[in-house]
Structures are given as structure tokens and as C-alpha cells.
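Q: Those sequence lines, one after another, are chains A and B. When we follow this note's numbering, the leftmost residue of the first sequence carries the number 1, and every step to the right adds one. When we follow this note's numbering, the leftmost residue of the second sequence carries the number 224, and every step to the right adds one.
Check each hint, because a few of them may be wrong.
Only some residues are given here: those of chain A computed to face chain B with a beta carbon under 10 Å [as the list claims (entries may be wrong)]: (1) Ile188; (2) Arg189; (3) His218.
Cut-off 25 Å, straight-line C-alpha distance, at most; resulting in silico cross-link-like pairs (SDA-like, lysine to any residue) [what the hints assert, rightly or not]: (4) Lys364/B <-> Ala40/A; (5) Lys103/A <-> Gly151/A; (6) Lys364/B <-> His218/A.
Since the hints were derived computationally from the structure, they do not count as laboratory data. For glycine and all other residues, C-beta sits at the position ideal for the given N, C-alpha and C.
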Amino acid sequence: MRTIELASPVGAGGDHARLYVPELPTSRLLVTLAGPLEAATANLLGEDGWSILSITSAKGDSDTPSLISELIAQAAGQLAAVASPLRIVAAADGAVETAAFIKAITESHRSGSAAVRGLVALDPFAASSQEGLNTDESIAEFAEGLLPFNGLAIILAARASSTDQRRLTLALHRRLQALGKDSRFLAIRDNGGSLPQWLANGRDQLGREFRWLLDPVHSRNET
Amino acid sequence: MAPASVNPNKIVYDYILPPKTGCLAFVAPGQVLRITDLAGLQVVDMAVFNRDNPRDKLSTSYSRTRYKPAPGEKFVPRDKLLPGDILLSTICTPLMRIRADHAERTGVHDVHHRMCNAALYEYYGHPGRRGCHEVIADLMKPFGLLPEDIPDTMDLFMNYHHDCSKGHWNIEPGITRAGDFIEFEAICDCIVALSNCPMDVIVPVNGPTLSPVHVQVMEP
Chain A
1 MRTIELASPV GAGGDHARLY VPELPTSRLL VTLAGPLEAA TANLLGEDGW SILSITSAKG
61 DSDTPSLISE LIAQAAGQLA AVASPLRIVA AADGAVETAA FIKAITESHR SGSAAVRGLV
121 ALDPFAASSQ EGLNTDESIA EFAEGLLPFN GLAIILAARA SSTDQRRLTL ALHRRLQALG
181 KDSRFLAIRD NGGSLPQWLA NGRDQLGREF RWLLDPVHSR NET
Chain B
224 MAPASVNPNK IVYDYILPPK TGCLAFVAPG QVLRITDLAG LQVVDMAVFN RDNPRDKLST
284 SYSRTRYKPA PGEKFVPRDK LLPGDILLST ICTPLMRIRA DHAERTGVHD VHHRMCNAAL
344 YEYYGHPGRR GCHEVIADLM KPFGLLPEDI PDTMDLFMNY HHDCSKGHWN IEPGITRAGD
404 FIEFEAICDC IVALSNCPMD VIVPVNGPTL SPVHVQVMEP
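Just chain B, same shape as in the assembly (with noise of 0.2 Å):
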């Protein structure tokens, strides 16, 4: 899918973060942020801080399952987000709202797992590698975070399910196509922390090679 056409004169913030790096975007109430997958089937990482005090920051639990229901609307927690849905913080702030989110099926984002870190990669034969945790801790430093406080993300474009009958998770290879992209609107100040995810061993979250992807923040 062809990305939708973006006004020159809104976009406050652009770049193409290469693989296995990571950066932060800083986005204004009103203001959208666009992650696209510059060539398909690549993961990255994102954690989100309320600016005003990043130890707020973002809850994919409570972001699936503390949704305002519809009058009489019967509590269902939900196994992911979509387009319209909150992202909300570990107090219930409401952090953004996905806009858009331009892919063959909408919704293919993990909200369930943490990231890869160093433990990861160490306990499968890979010591000395550091993964999308050590990535934003190292983002959030400035803004008196520690690696603890890093909070789970969503993993944009990850491909991740649960098999209720073998009673694990499954890790599969992404649906992006490139130039599928997914947009967010700011509704309190934030701090985006992405980790253009590095994993290319273990399991095939990637695609074959890990790609860049591009990152825009735009005015309304």
C-alpha cells in the first residue's frame, strides 16, 4: 500500500532510524506520529511517557482492558488494540490514540510480550548482545529512568499469538508490506522511545535482513 500523502509544511520531525538503533520523538497534544516499514516485515519496539512525569508511561495491559465502555457494554479485555483505541499509562492516563493503521489486517502488533534484552540473546547462544530494553533504557536515561522502570511495549508490526490448545505463544514472521505504516495522535504531551528491533536470531520476528524504518511526527 502506497503511504497516504503527508503535508511538508506539518511534519515536525523526520527521520529514517537504520536497524538496530533506536530514538525518540517527541510529540505535542494533536500532533501524529507515523512509523512506516520502509520494507516490510520489520518490528520496532515502542515504549511511551507522559512527558509531564515519564515514570507515567505506557500499560498495554491496561490499554487492552481499561477501555471506556459503551453504555451498557459488557467488560471483555481485549487481545489487541486497533485503530481508535487508547494507549493508556499504568495510572490510566490517556497517553495517544491510534489513527491509522495501514497493513493487510489491522491490529498485527504485539501487546502482549516484553522486549528482547541481553538475557535473551544470552540465554540462546548470543552473550554480549544487547536487545530493544537495553535500546530504550538507554533513550530514557536522560529523563532519570533506569532499565526497570522501562515500562512493556508495544511492538509495532510484530507478529504474535496465543495457540490456546498448545498453551504458548507463537512468533511468526510479520504481514507488513513495505510502506504499511501505523499512526498515533498525541492526546498528552509524550515522549516516544523506539527501538528499531535488532532480533535476527532465535526466532524469525524480522524479516531476512533487518531494514530501516521511517519516523515522522506531524501537526495537525
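Chain A extracted, bound-state conformation (with noise of 0.2 Å):
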């Protein structure tokens, strides 16, 4: 696995962006928002053919999804010669991860510079229940935030042991079905490991539905 430090660190205090790629890389890219990823996950994701960008952290501010959208440019930058068009699934742990890779992607498909197809969030309301947020209104600022994705497939999870998480993304993942989005619901079991970590098991639900959102398995695919 070769790593690549991107230039355009996100936030300050030693926040920054890797790209790991795999020996044998394809057209799949995974951007990940969601704390550090271990050489181990990398290994294991990069055996699938993913190349990973890591980005350590998000601040939330105003400034964030304008660095992960340049920062995602330049992945697609150093993959084009070996996969272009990237095929590119963004993956974050948390409310403020989300919301600025919903508005990332927003940004990367205004410009043009690359096109996610795919969008795992873990407890994407983490932070709006413990701060007491209006949760109706932000279940439909995160679905209209997804409306103009046609072919964005999501996964919305929640760690099982938060009773209101799992309430709240399974609502926010209820209203994007209801408007026709390809999204599934997952509660996942807390063992300690990371959103990454999950991910990269392909032997697990959250592993297997994440490898499947670009190749979904179908028997013909023309309508």
C-alpha cells in the first residue's frame, strides 16, 4: 500500500489527509471522515481494490467542505492515471462529519471536479440529540441536503447501544425512502472498533452493504 500525504490539511493542530493506494487499484475511492484509519484497515480495504482518503478530522466550519471537496480533487488527481472516472463512496462518523460531506459532495458536483455515488453515516445525528437540537428540522435539512443526488446510494447507521440514534437515523433514513432515495438502515453493535474498521469486514453487514452500494448484485440490471 503506497500513502500519499495530501497538501491542503483540514483545520489546524496537526489535522491531515492521506490517500493510501493499493497495489492493484481500481476505480473505487473511499474518503473517510471518521478519526484515524489504521495500517491493518487500510490493508484489508486496499485487498478490495479501495484506495482510501483519510481525512483525520472536521472542524465544522464554514471552511470544511471546501477543503475535503479540493482535498477529494486531488485524490482523483493522483488516482487518474491508474482509475478515472473514480467511483467514489464518502464515509463519516457523527453529525458535523456528515453534514460537511453532505455539502462536499455538494460542492464536488457543482464544480464538476468528481462524483460520489456512494454515502455511509454513522450516527449522523450524534451531536444534534446531545445539544437538544429541533431533530424534525434537522431529519429534513439532511434529506434535502440529499435530494439532488439521483444514484447516491446511503447507508444510514446508528451504534445500537443509543436508543435515540437508532430513533433518529432510522426516521431521517424512513423520510429518503419515502422520496425515492436508495438508502438502507443498519444498527450496529458497538464492539470498540471504528467506522473503517467496520467497513473494511467483509464478513459483516455494515462490510458487505458498503462493497455492494457501487456493484449492487442484480440479475439484470436494464429497467
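Using the hints, put the two standalone chains together into the complex.
A: Written out as C-alpha cells, the structure reads:
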């Protein structure tokens, strides 16, 4: 696995972005905003042909989506020689991170720099409920943010130990389903792992759903 | 029939499976898998595997014929599976129990026939089409199984019955209405492979339009 430090750090204080490129890269790029990525996890994903852009933290300020969008563009540039066009899945753990990603995806689509085809959001209301925000409003805001993206496959997951997160995340999932979006909901048994570790485990529900976001199993795909 | 209510705090997996696609559901012991026919008349082919050893897999034959008899009960091989019956594996491991079957008639599921597959479509003038066998084989490939390892499926909502006078099986349109569902409670840790049946030629196994089904896994 080759690692490339990218030039535009997100935020300050040692935050960084790193691109992992496997020996046999494919068109698949996973962009994570979910804490540090361990080498073993990167290797597991790399064995399945995933390149990974790991952004270590997001401050949630107004610049963050632009910085994420810029990092995705940089990663796409780095991978252009081996895989183009890229098929990108964005994975975020937490409310701030998910919100930043949705805005970044919007910017990337608008600029035409990269097309994000999949979104994995774990506990997308994690901060909202703690801060006592209007959750109905938050659900509507999330759904509205995702509305313009046709063909975006979505996994909404919640740590099973939090009843609030499960309820809110399921409500968002149902809202998206009602809007005709390709969404699936999972409650994850929290075994102390990180989102990237769960994605890397291809023998578990989340890891399998993640792998099939871009390549669903079908008998035929014509309508 | 309106679907029975589900406690949202108990849902661990929720997905609307589009026509002509497949998915896996991981169902832990005690958890319940519910499959709801959203529009009616849609067949779903289901294969069940013991998660600890996926080569240990559903046997519809043993499920019909190796049920535990009541004291003094005669051995009578059954032709259908009903609520309370146990899905057994090829080595008689209890996999799942049928918990509910909400349709106008219970037991209208095929437990004799195998799946549609590419060969069937090719024989009847539709070369290049893939069937439920290919879908389920793709789903189980990451678990080390090959197409030849895929067992006979339980074909949910499929109206398939034997005509003894003619000596053949009849495939007829299903009887499910929108919202009818079937539930299975896992006895061991299970992987359930589902294929929303793509058959819209050859025989009228599905309704006039292929339609989505709702797949849910719930905690007890």
C-alpha cells in the first residue's frame, strides 16, 4: 500500500489527509471522515481494490466542506493515471462530519471535480441530540441536502447502544425512502471498533452493504 | 392486511429490495427476519446459511420431513411449511423457525422447486439473463461458497403445487396482497441470502410487474 500525504490539511493542530493507494487500484475511492485509519484496516480495504482518502478530522466550520472537496479533487488527480473516472464513497462518523460531507459532495458535484456515488453516515445526529436541537428540522435538513443527488446509494447506520441515534437515524432513512432514495438502515453493535474497521470487515452486514453500494448484486440491470 | 407494527427501536436492518436484485440479511439468534411483499404477487427466493459454517445450509427437504414428531405421531413427509415449523439445514441443524405467515392462506411458498437460473432462461429463449441462482451465488461468494454450493431455496410467496392427476407441478400467480409478510426467528446465527425474483417471462410466477419487497431484521 502506497501512502501519499495531501497538501491541504483540514483545520489546524496536526490534522491531515492521507491517500492510501493499493498495489492494484480500481476505480473505487473511499473517503473517510471518521478518525485515524489504521494500516491494517487500509490494507484490508486495499485488498478489495479500494483506494482510501483518510481525512483525520473536520472542525465543522464553514471552510471544511471546501477543503474536503479540494482534497477529493487532489486524490482524484493522484489516481487519474490508474483509475478514471473514480467511483467515490464518502463515509462519515458523527453529525458534524456527515453535514460537512454532504456540503462537500454538493460542491464536488457542482464543480464537476468528482462524483460521489455512495454515502455512509454513522450516527448522523450524534451531536444534534446532545445539543437538544430540533431533530425534526435536522432530519428535514439532511434529507433536503441529499435530495439533488440522483443515483446516490446511502447507508445510514447507528450504534445500537443509543436509542436516540437509532430512532433519529431510522426516521431519516424512512424520509429518504419516501423520497425514493436508495437508502438502507443498520444498527451496529458497538464492539469498540471504528467506522473504517467496520467497513473493512467484508463478512459483516455493514462491510457487505458498503461493498455492494457501487456494485449491487442483480440479475439484470435494465429497467 | 396491514403489516403488524414494528418497534422502531428494535430494527437492526431495514432495506427495500428492488426488483431483480439481491441482498444479505445477518440474523442473530432470537432476532426476527420479516419479508413484506409491498405490492403483492412478488416472489422472493431465500437461502439460509449457518453463519458459523456457511456450508451448513438450508434443506427444504429435511425441513419438510425431519421435523420432530409429537409422541406417538406417525412419520408423514409434509408438502409445505407453516408457522411453527423449523427450517433445518442439510445436516439437520435448526436454522430458523417460521414465526408468522400473514397472507390469505398460510404456507403458499415453494419448498420443492429450485431457483430460476441462466439455463432456464436460455432454454426458453432468453439467453444472457441471470436468475435467482446466479444472484444468490454472487451474494455468497465472499463466504467461500461456489455456485454449486447454493442449496435449494424456500421461494417465498410462490404458488407452486402438484397436480397428481397430470403428474406435474403447476406454477400459478401468487396470492399475496400488498403488505402481506412472513417472519422467521433465527435459532442459530444465520446469513440469509435473498433474491427478488426476476422472472417476468416463461411462467406467471410473479405479478404483471416485478415489484420491491421490504426486508427487515428486528431484535426480540
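Q: Given the hinted pair lysine 364/B and alanine 40/A, is their alpha-carbon gap at most 25 Å?
A: holds (23 Å)
Q: Using Cβ atoms only, decide whether histidine 218/A comes closer than 10 Å to chain B, and label the hint accordingly.
A: holds (4 Å)
Q: Sort out whether glycine 151/A lies within 25 Å of lysine 103/A, counting only the CA atoms.
A: holds (17 Å)
Q: Against chain B, with CB atoms and a cut of 10 Å, does the hint on arginine 189/A hold up?
A: Hint holds; arginine 189/A Cβ to chain B Cβ min 8 Å, cut 10 Å.
Q: Would you check the hint for lysine 364/B and histidine 218/A, treating anything up to 25 Å between C-alpha atoms as holding?
A: Given pair lysine 364/B, histidine 218/A holds - Cα atoms ~14 Å apart, limit 25 Å.
Q: Can you verify the interface hint for isoleucine 188/A: is its Cβ closer than 10 Å to any Cβ in chain B?
A: Interface hint status for isoleucine 188/A: holds (8 Å vs cutoff 10 Å).
In the structure shown, no violation is registered for any of the earlier numbered hints.
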